[in-house]
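Top line first, the protein sequences correspond to chains A and B. Residue 107 in our numbering sits at position 107 of the first sequence; the count goes up by one each step and never skips. If you count the second sequence from 1, you need to add 157 to reach our numbering.
Mixed in with the good hints, there may be bad ones.
[Unchecked claim] Sample of chain A residues at the chain B side, in silico, Cβ under 8 Å:
#1 I36
#2 Y42
#3 D43
#4 P44
#5 Q45
#6 M47
#7 R51
#8 W67
#9 I70
#10 L72
#11 M74
#12 R75
#13 A88
#14 G91
#15 D93
#16 W97
By construction, these hints were calculated from the structure, which means they are not laboratory data. Ideal Cβ positions, reconstructed from N, Cα and C, are used throughout, including at glycine.
2 protein chains.
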Amino acid sequence: MIEVFSTPPTDRFFEDYKVGATYECGSFTMTEADIIAFASVYDPQAMHVDRKLAAEGPFGEIIASGWQTIGLAMRLMVDNFLPHNGLAAPGIDELRWTRPVRPGDTVSIRITVTEARRSRSKPDRGLIHSLFEGVNQNGDVVLSLKPMSMVRVRNPE
Amino acid sequence: MIEVFSTPPTDRFFEDYKVGATYECGSFTMTEADIIAFASVYDPQAMHVDRKLAAEGPFGEIIASGWQTIGLAMRLMVDNFLPHNGLAAPGIDELRWTRPVRPGDTVSIRITVTEARRSRSKPDRGLIHSLFEGVNQNGDVVLSLKPMSMVRVRNPE
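Pulled out of the complex, with its shape left as it was, chain A reads as follows (with noise of 0.2 Å):
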């Protein structure tokens, strides 16, 4: 069973983001067979999900789809980073997977704001980009992203 643990906060918005501030957002764990039934639908490369190639392959066992690693990353950002009932995002920048996420890792993410700025189309909302990173237990990045992420002012006037 994929374990998440994550503490959602209070609202947030645009305000309350300040550059610079780091959040702390939970983690998550994969067993094998969390990894091979994600991948048999999103992701069906061997080293996803068949045991025997993925143990001659570079990693020596299977590892997780990339996908389902940046999946569980999203909860994680959308219960403990992104306001409630938040707006679309538009997109994201340099999404590395840096090394593999294997069974039984465990994976916390730390989200940190790079820039807040108002919309000036759009003076009911600010967007918010940030450095979005995956570390294991031995504390070496296995993801890293820069997400975009579209979110309401408190106070528009």
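Take the given structure of chain A and dock chain B to it, following the hints.
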């Protein structure tokens, strides 16, 4: 039920990826139930899981999590573009969700090779850059990204 249409090719190697070639990779369609089931685990934002709040929001109904869309797009990439038993992907650049994906939309995937370069340090492989687009039944691009794929060379010599 999620419907995926795809016709996997025979195996491919680095030499097979020609710059400028476009691969039509099939399509997928999701029901509202598929969208809610995925988002309940990976991306439980109101616009993906709460019919009432979604109806009041900017899209007027439930829309798919961008991570589910990209997961299914990845499935079509695995089936129709990548080699069998491939190598780990280093990352993605410029991921953009340009329009919402709604229940019943049919999203077709096309991938165009933009760069193909042999590795200097590891001559048994090469790096393929591509432009990856998801297009709905109206011809609108709903998803675009620039993946990097590491693939084996057929004849390393």
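Against the structure, the hints come out as follows:
Hint status for I36 of chain A: violated, given a least beta-carbon distance of 14 Å to chain B, over 8 Å. Of the supplied interface hints, the one on Y42 of chain A holds, with its beta-carbon coming within about 4 Å of a beta-carbon of chain B, less than 8 Å. At its closest, the beta carbon of D43 of chain A sits 5 Å from a beta carbon of chain B; the interface hint therefore holds under the 8 Å criterion. The beta carbon of P44 of chain A is positioned within 8 Å of a beta carbon in chain B (closest approach about 6 Å), and the interface hint is therefore held.
About 6 Å separates the beta-carbon of Q45 of chain A from the nearest beta-carbon of chain B, less than 8 Å, and the hint is met. About 7 Å separates the beta-carbon of M47 of chain A from the nearest beta-carbon of chain B, less than 8 Å, and the hint is met. The beta carbon of R51 of chain A comes no nearer than 13 Å to any beta carbon in chain B, farther than 8 Å, and the hint placing it at the interface is violated. Checking W67 of chain A against chain B: minimum C-beta separation of about 5 Å stays under 8 Å; hint holds.
A distance limit of 8 Å between C-beta atoms decides the matter here; for I70 of chain A the minimum to chain B is near 7 Å, and the interface restraint holds. Here the hint on L72 of chain A is kept, as its CB sits about 7 Å from the closest CB of chain B, short of 8 Å. Restraint check, M74 of chain A versus chain B: the minimum CB separation of about 5 Å is within 8 Å; hint holds. Hint status for R75 of chain A relative to chain B: holds, with the closest Cβ pair at about 5 Å, below 8 Å.
Given the 8 Å rule on beta carbons, the hint for A88 of chain A holds: about 7 Å separates it from the nearest Cβ of chain B. Annotation: G91 of chain A was flagged as interfacial toward chain B, and the flag holds, the nearest CB pair being 4 Å apart, inside 8 Å. Hint status for D93 of chain A relative to chain B: holds, with the closest Cβ pair at about 6 Å, below 8 Å. At a threshold of 8 Å, the smallest CB-CB gap from W97 of chain A to chain B is about 6 Å, leaving the interface hint in force.
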